[in-house]
Amino acid sequence: MIIGAGVVGAACAYYAGRAGLTVAVVDRGPVAGGTTGAGEGNLLVSDKGAGAELDLALWSAGLWRELAEVLPERIEYEAKGGLVVAPDETTLKALRTFADGQRAAGVHAVEVGAGELRELEPHLAPGPAGGFHYPQDSQVQPAQAAARLLAASGAEVYLGEEVTGFLLERGAVRGVRTGRRELRAPAVVNAAGTWGGRIAELAGVELPVLPRRGFVLVTEPLPRVVRHKVYAADYIADVASGSAALQSSAVVEGTPSGPVLIGATRERVGFDRSLSVEALRRLAVQAAALFPVLADVRVLRAYHGFRPYLPDHLPAIGADPRVPGLLHACGHEGAGIGLAPATGQLIAAALTCAETPLDPHPFRPDRFGPDRFGPDGSGPDGSGTAATR
Amino acid sequence: MPTSPSDRGADPVDLAVVGAGPAGLAAAVTAAGLGLRVTVLDAGERPGGQYYRHPAPGLGAARPETLHHGWAAFARREAALRAHESAGRITYLPSHHVWTVVPDGGRWTLHAVAGPEERAAAVRARAVLLATGAHERQLPFPGWTLPGVVGAGGAQAMLKSGLVLPGRRVVVAGSGPLLLAVAGSLAAAGARVPAVVEAASYTGYAGRAPALLRNPGKIGEAATYGGALLRHRVRLLTRHAVTEAHGTGRVEAVTVARLDRDWRPLPGTARRIPCDALAVGHGLVPQLELATGLGCATVRAADGTIALELDARQRTSVPGIWSAGETGGIGGAELALAEGELAARAIAGAAAPAALVRRRARLRAFAAAMGAAHRPGAGWTGWLRDDTEVCRCEEVPAGCVREAVEDLGAGDVRTVKLLTRAGMGWCQGRMCGPAVAALAGEGASSPGGAAPDRRPLSCPVPLRHLAELPATDG
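Protein sequence lines, in the order shown, are assigned to chains V and S.
In this text, residue positions in the first sequence follow the numbering used here: the first is 1, and each later residue adds one.
In this text, residue positions in the second sequence follow the numbering used here: the first is 390, and each later residue adds one.
The following block holds chain V by itself, in its conformation from the complex (with noise of 0.2 Å):
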């Protein structure tokens, strides 16, 4: 029984059945109605330093590679490849460090000098000092993604009913009930992305899993202008960054549709769901500094999404040695689309007890204790633990 059917649930749902379970899907919602549907469709390795996030995204790159041959082409599998773009040489020498720590790990990073820069991006302003172009860097369209998966893996989904309580035995959880029914099932697995610390607490534990606000804004549809994931290297920090404050640094891209997508800010300010004018003007100063032409664009649209934080940026995923039967695979912050697949398999894994290509031990679930987080989910100094990326 999974809760979610984001895209997280979604590639737990595929995983689990290809596995030879039986699977349903529950969500209040509509599939891909949080955060999946709210995200730009990132596939990175681009963003993430050497660790347990990089290796999982590595082993999730790999994965979408597999299931843009089996899904749909409406998926929109694109490699487009990442550029990120260094202003100065002091910024040009620390992506130099960072690229080298993920080489080490299994990324390919291809330095890029100014001219080649505008080689691969002729729009870009001019003035930066260099940057790294990475290939593997992939898109999806991720709601047709969250949705095709869960098509394909031949799970039961009940959509529109939110899980209201756990059905326990002897401490152990045995199904869920929603506001209709009750599902048995000797597994549950919280899949609620951003809502996954409630669906813990219902379980009687805690997952201090956070609202992280971003917004994103849309251009009309226009010719191909952006052929890559085109970012500043700032945007490194900022993702790694555990303040409460707007962050902002543009993540600019084309899709096959026409529009530009322009984000990411990130901000921790609850679930509120109003329009955040200083973020819009954030990201079109920052976009129009790298595209220059993108100043004379229309913005169609803009629309928000809250990322599901952790305090150390990790995802939850495995079983809860709290509660037998119960497992997370929340908590991916922005990158949930891209570790999906792999949190699938982590998840089959460790429903039926197979190996795993990758320890799963950095996500274990209950590595929170109420100790060494405060109440507002940051670190004893305040700005959380962001050292592991």
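In short, the hints are calculated from the structure, not lab data.
Here a beta-carbon is modelled for each residue, glycine too, at the ideal position from N, C-alpha and C.
Hints are supplied without guarantee of correctness; some may be wrong.
What the hints assert, rightly or not - Beta-carbon label-pair distances, calculated as ranges:
(1) Arg435/S x Pro256/V: 40 to 46 Å
(2) Glu795/S x Arg65/V: 26 to 32 Å
(3) Ala476/S x Pro256/V: 54 to 60 Å
(4) Gly258/V x Arg558/S: 35 to 41 Å
(5) Asp366/V x Gly830/S: 39 to 45 Å
(6) Gly179/V x Gly551/S: 32 to 38 Å
(7) Glu506/S x Leu202/V: 34 to 40 Å
(8) Thr534/S x Ser257/V: 18 to 24 Å
(9) Ala860/S x Arg65/V: 39 to 45 Å
(10) His123/V x Ala741/S: 55 to 61 Å
(11) Pro656/S x Arg65/V: 48 to 54 Å
(12) Arg747/S x Ser257/V: 50 to 56 Å
(13) Arg558/S x Glu220/V: 34 to 40 Å
(14) Tyr591/S x Leu202/V: 51 to 57 Å
Claimed, not checked - Negatives, chain S to chain V, calculated, CB over 12 Å:
(15) Arg435
(16) Ala472
(17) Pro492
(18) Pro536
(19) Arg620
(20) Glu641
(21) Ala750
(22) Thr804
(23) Leu852
With the hints as your guide, set chain S onto chain V.
Only chain S this time, still in chain V's reference frame:
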């Protein structure tokens, strides 16, 4: 480049009115008359909104009032607007598309795209009245994208502002009282109208007699249309619909079929009517982007559309934000005038005259009765073929939407949009929204609150406007 007439640092005005149609205009002149400093921002070039349309000046039309009901009521308020403007009590900003309203330290800031050169403009205000009106409800059918197929409201607008006819032989179809008015205007202007094809049954009014009887003026209006149609020998087909438009390059004929109670076309009843234009419309849909962007609560109105939840004094659920006219449920120009005036009085802290309150209640009841009678039946999607384009901007056919709903687990407009791109194009779902909602099965069973997808930008905004906004602390 001219500078913005309203610098951000300037003192806030007492009231910003968005929209200069009947509701906004009535509110602005009432509020200014009660001593408030008012700024009116309107997307149009001249006051009047979608309803009161001036013929383009070059046409030399001497008597626009012949095409309008209540032109005098409008002319009076337009004159008052000009007088207040010269006295400095009202700042009137035409060609200003407001794209968002944001809270700003107990005040409100309205951001707009101004003029053909697309300048950035901002206005600060203590209170905001949203009088953003409505747009036409379109239900697609095979062939609806052919040239010669126009909106019924659009045909009326063409006639009012350009004095041009969409064709010489024009079928008028859809549902709602506007069809009779449009057919009457077209016939009076010289077009042949072979049929008015109305999907609802006028016997649907029978159960709502009290609301109708309390509105003798409205019945008189209908009688006028009926008389005009008789005079021009226009045939009225009720419980019928145009289920397909035919033609190569341009509409040449339409198929008309009889409907059951749920608007399902009945097999064996189809027949062709030759024509060179089709004016089609299914009533109006409140335009709520700014209001829902602010988080204003909504309700489902009798006609099936989503409208704002307003109290007796026209307040939305967000303190400081008011609304009047079609945003609170489609009700027509007369109601919009009354509500605009009521809202302005409430904002100025003045009492509401009892007669005005009664008039609003009477007209609202009438609007609800009409809305219920013309609410589209669930069976209309039966005339959509899988290859019928539903979203014109993104070219999404009905079959694609059906697949998303039946095979992929989409049960609402937002998810259909995410999966198919329907509603992601230039019009941002204004055109296809009602059709997609019906195909997704949304609305039929949800009595209220089914909030439309939030759209933080209510119209396209040049990126450099966003970049040039004053910086604030995140």
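Hints, one by one, checked against the model:
1. Arg435/S x Pro256/V: 40 to 46 Å: 42 Å, holds
2. Glu795/S x Arg65/V: 26 to 32 Å: Since Glu795/S and Arg65/V have Cβ atoms about 29 Å apart, the given range 26 to 32 Å holds.
3. Ala476/S x Pro256/V: 54 to 60 Å: 56 Å, holds
4. Gly258/V x Arg558/S: 35 to 41 Å: Because 39 Å falls inside the window, the suggested range holds.
5. Asp366/V x Gly830/S: 39 to 45 Å: Hint holds: Cβ distance 42 Å, inside 39 to 45 Å.
6. Gly179/V x Gly551/S: 32 to 38 Å: 55 Å, violated
7. Glu506/S x Leu202/V: 34 to 40 Å: 56 Å, violated
8. Thr534/S x Ser257/V: 18 to 24 Å: Holds - the Cβ-Cβ distance for Thr534/S and Ser257/V, about 19 Å, lies within 18 to 24 Å.
9. Ala860/S x Arg65/V: 39 to 45 Å: 42 Å, holds
10. His123/V x Ala741/S: 55 to 61 Å: 58 Å, holds
11. Pro656/S x Arg65/V: 48 to 54 Å: Since Pro656/S and Arg65/V have Cβ atoms about 50 Å apart, the given range 48 to 54 Å holds.
12. Arg747/S x Ser257/V: 50 to 56 Å: 53 Å, holds
13. Arg558/S x Glu220/V: 34 to 40 Å: 38 Å, holds
14. Tyr591/S x Leu202/V: 51 to 57 Å: 54 Å, holds
15. Arg435: Fine: 25 Å to the nearest Cβ keeps Arg435/S off the interface.
16. Ala472: 35 Å, holds
17. Pro492: 8 Å, violated
18. Pro536: Given that every Cβ of chain V is farther than 12 Å from that of Pro536/S, nearest at about 23 Å, it holds.
19. Arg620: The assertion about Arg620/S holds, with a minimum of 47 Å to chain V.
20. Glu641: 32 Å, holds
21. Ala750: Non-interface label on Ala750/S holds, nearest chain V Cβ at 33 Å vs cutoff 12 Å.
22. Thr804: The claim breaks: Thr804/S does not keep its Cβ more than 12 Å from every Cβ of chain V (closest is about 4 Å).
23. Leu852: 5 Å, violated
Hints 6, 7, 17, 22, 23 from the list above are not met by this structure, while the remaining hints are.
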